[in-house]
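Chains A and Z, in that order, are what the protein sequence lines are.
Residue numbers for the first sequence follow this note's numbering, beginning at 11 and rising by one.
Residue numbers for the second sequence follow this note's numbering, beginning at 8 and rising by one.
Hints are computed from structural coordinates only; laboratory data are not their basis.
Each residue gets a CB set at the ideal place from its N, CA and C atoms; glycine is no exception.
Take the hints with a grain of salt, since some may be wrong.
[Claimed, not checked] The following residues of chain Z were derived to be distant from chain A, with all beta-carbon distances above 10 Å:
#1 Asn-19
#2 Ala-21
#3 Asn-62
#4 Leu-63
#5 Val-119
#6 Ile-120
[Stated by the list, open to error] What follows is a set of in silico ranges between Cβ atoms, one per label pair, in the way DEER data are often shown:
#7 A:Ser-68 - Z:Thr-118: 13 to 23 Å
#8 Z:Val-90 - A:Lys-89: 40 to 50 Å
#9 A:Gln-72 - Z:Pro-47: 22 to 32 Å
#10 Z:Asn-24 - A:Asn-40: 27 to 37 Å
#11 A:Gln-83 - Z:Ile-120: 24 to 34 Å
#12 Z:Asn-62 - A:Gln-105: 49 to 59 Å
#13 A:Pro-28 - Z:Tyr-46: 24 to 34 Å
[Unchecked claim] Selected chain A positions facing chain Z (in silico; Cβ < 7 Å):
#14 Trp-17
#15 Pro-24
#16 Gly-26
#17 Arg-52
#18 Gly-53
#19 Leu-56
#20 Leu-57
#21 Gln-105
#22 Val-106
#23 Leu-113
#24 Gly-116
#25 Asn-117
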Amino acid sequence: SQTIHQWPATLVQPVGSPLSLECTVEGTSNPNLYWYRQAAGRGLQLLFYSVGIGQISSEVPQNLSASRPQDRQFILSSKKLLLSDSGFYLCAWSQVPHANSPLHFGNGTRLTVT
Amino acid sequence: AQSVAQPEDQVNVAEGNPLTVKCTYSVSGNPYLFWYVQYPNRGLQFLLKYITGDNLVKGSYGFEAEFNKSQTSFHLKKPSALVSDSALYFCAVREKTGANNLFFGTGTRLTVIP
Chain A
11 SQTIHQWPAT LVQPVGSPLS LECTVEGTSN PNLYWYRQAA GRGLQLLFYS VGIGQISSEV
71 PQNLSASRPQ DRQFILSSKK LLLSDSGFYL CAWSQVPHAN SPLHFGNGTR LTVT
Chain Z
8 AQSVAQPEDQ VNVAEGNPLT VKCTYSVSGN PYLFWYVQYP NRGLQFLLKY ITGDNLVKGS
68 YGFEAEFNKS QTSFHLKKPS ALVSDSALYF CAVREKTGAN NLFFGTGTRL TVIP
């Protein structure tokens, strides 16, 4: 069966510090991968998605970036965090072809920028 | 353009009573529709999806949803609510033409009162 792992679960970082959140998927190959941010426990905002190694699409311009160095690894990064980057970050994967495939989410990382 | 509306921020229901969480959608073509549940500080869990065929879809934990094309709705239902059903529920839509993204509603917080 497929599983998705996200770490760390919680993170407190000062403004201006770098960020690296990791996500890995097991039990499937060539998945679509996604990073979402959930603010205030409600709406989900798609940040990045990837259909393959090295292929990243950005949905929202900001100081975050994403990389996919391996088929089942997706990394969210920032060189300098802002206060507004605080939130709950969720990684997800879906099967390809994907149109009727649900997204499967990790347990999320709660980031607090102080 | 695709969009999802969940008109109720909060739904309260007594334990044992039927529950309904409302969702309406807007797509230019035929939709794929999904329901997710989120417990505190966790990722979203997939409950059920509508692809085609029978308008009544059955999913996990006794939940079901009814697709109504004329009303562009996909309401989530359960005949008898449990206290453990208390959580945040998200409706999501994707066009069948294969867009990479799922568009999520803003979520409805369900509270089941003992």
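Each hint, compared with the structure:
Interface exclusion of Asn-19 (chain Z) from chain A stands, the closest Cβ pair being 18 Å apart, more than 10 Å. Every C-beta of chain A lies more than 10 Å from that of Ala-21 (chain Z), the closest at about 24 Å, which supports listing it as non-interface. With 10 Å as the threshold on Cβ separation, the claim that Asn-62 (chain Z) sits away from chain A holds: the shortest Cβ distance comes to roughly 16 Å. With a closest Cβ-Cβ approach of about 18 Å to chain A, Leu-63 (chain Z) is found to remain outside the 10 Å limit, as its non-interface label requires.
Listed as outside the interface, Val-119 (chain Z) is consistent with that label: its C-beta sits roughly 18 Å from the nearest C-beta of chain A, beyond the 10 Å cut-off. With a cut of 10 Å on Cβ distances, Ile-120 (chain Z) stays outside the contact zone with chain A, its closest approach being about 20 Å. Separation of Ser-68 (chain A) from Thr-118 (chain Z) is about 37 Å and departs from the stated range, judged on CB atoms against 13 to 23 Å. Separation of Val-90 (chain Z) from Lys-89 (chain A) is about 45 Å and conforms to the stated range, judged on CB atoms against 40 to 50 Å.
The given range of 22 to 32 Å is respected by Gln-72 (chain A) and Pro-47 (chain Z), whose C-beta atoms sit roughly 26 Å from each other. Distance hint check: the CB atoms of Asn-24 (chain Z) and Asn-40 (chain A) are about 45 Å apart, inconsistent with the given range 27 to 37 Å. About 43 Å separates the C-beta atoms of Gln-83 (chain A) and Ile-120 (chain Z), a value inconsistent with the hinted range of 24 to 34 Å. Between Asn-62 (chain Z) and Gln-105 (chain A) the beta carbons are some 25 Å apart, a value that contradicts the proposed interval 49 to 59 Å.
Take Pro-28 (chain A) and Tyr-46 (chain Z): their Cβ atoms lie about 31 Å apart, and the range 24 to 34 Å holds. With 7 Å as the threshold, the beta carbon of Trp-17 (chain A) stays out of range of chain Z, its nearest partner Cβ sitting at about 13 Å, so the hint is violated. For Pro-24 (chain A), the suggested interface contact is broken, since its CB lies about 22 Å from the closest CB of chain Z, more than 7 Å. Interface restraint check: Gly-26 (chain A) against chain Z, minimum CB-CB distance 26 Å, threshold 7 Å, status violated.
Taking 7 Å as the C-beta cut-off, the interface hint given for Arg-52 (chain A) holds, the closest approach to chain Z being about 5 Å. Satisfaction of the interface hint for Gly-53 (chain A) is found here, the shortest Cβ-Cβ separation to chain Z being roughly 5 Å, below the 7 Å cut-off. Taking 7 Å as the C-beta cut-off, the interface hint given for Leu-56 (chain A) holds, the closest approach to chain Z being about 5 Å. A cut of 7 Å between beta carbons decides the hint on Leu-57 (chain A): the least distance to chain Z is about 11 Å, and the hint is violated.
With a least beta-carbon distance of about 12 Å to chain Z, the hint placing Gln-105 (chain A) at the interface is violated under the 7 Å criterion. At its closest, the beta carbon of Val-106 (chain A) sits 10 Å from a beta carbon of chain Z; the interface hint therefore is violated under the 7 Å criterion. This hint holds: Leu-113 (chain A) has a C-beta 6 Å from the nearest C-beta of chain Z, less than the 7 Å allowed. Taken as an interface hint, Gly-116 (chain A) checks out: its beta carbon lies about 5 Å from the nearest beta carbon of chain Z, inside 7 Å.
Interface hint at Asn-117 (chain A): satisfied, since its Cβ lies 5 Å from the closest Cβ of chain Z, which is below the 7 Å cut-off.
The structure fails to meet hints 7, 10, 11, 12, 14, 15, 16, 20, 21, 22 from the earlier list, while all remaining hints are met.
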